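Engineer: Turn these sequences into a full structure, and let the hints guide you.
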Amino acid sequence: MEHTSFPITRRIGHPYQNRTPPKRKKPRTSFTRLQIAELEKRFHKQKYLASAERASLAKTLKMTDAQVKTWFQNRRTKWSEINEWLCRAESKDNYPDFTTTSKALPVKLIKGSHKSYQP
Numbered sequence: 001m002e003h004t005s006f007p008i009t010r011r012i013g014h015p016y017q018n019r020t021p022p023k024r025k026k027p028r029t030s031f032t033r034l035q036i037a038e039l040e041k042r043f044h045k046q047k048y049l050a051s052a053e054r055a056s057l058a059k060t061l062k063m064t065d066a067q068v069k070t071w072f073q074n075r076r077t078k079w080s081e082i083n084e085w086l087c088r089a090e091s092k093d094n095y096p097d098f099t100t101t102s103k104a105l106p107v108k109l110i111k112g113s114h115k116s117y118q119p
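In terms of UniProt numbering, the sequence shown opens at residue 1 and continues consecutively.
It is worth saying that the hints were derived from the structure and are not from the lab. This one's a predicted model, so the numbers in the text were calculated from it and none came from an experiment.
As a list, the in silico EDC-like pairs of lysine to aspartate or glutamate whose alpha-carbon atoms are at most 20 Å apart: (1) Lys78 to Glu90; (2) Lys69 to Glu38; (3) Lys69 to Glu40; (4) Lys41 to Asp65; (5) Lys92 to Glu81; (6) Lys69 to Glu53; (7) Lys59 to Glu40; (8) Lys62 to Glu40; (9) Lys69 to Glu81; (10) Lys47 to Glu84; (11) Lys62 to Glu38; (12) Lys59 to Glu38; (13) Lys47 to Asp65; (14) Lys45 to Glu81; (15) Lys78 to Glu38; (16) Lys26 to Asp65; (17) Lys47 to Glu81; (18) Lys45 to Asp65; (19) Lys41 to Glu53.
Structural biologist: So, in structure tokens, the structure goes:
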């Protein structure tokens, strides 16, 4: 029986030296009140934007296309969660079971401005 040997490869230096360094998390983006007001106004008219509409809105608000896209994605998620909470609250005769609700009721809803969020 013939024995074949394979060369043993050894790393020279630190085992992680050839890896790219981890990416740093980007800081949270702050939007002006005017930008938020315009984004909210547009969101209430239209939940989804085509790429051309998004680019136009981004240019108008001096934001990047990616910022507008992310804002709309996050806002749709928030809108969906609010609608889900309202549906659950209505189905339980306005006495929601807070033990099954994953998120607290937004302050805006507590103050009575929930009418604009109803489906």
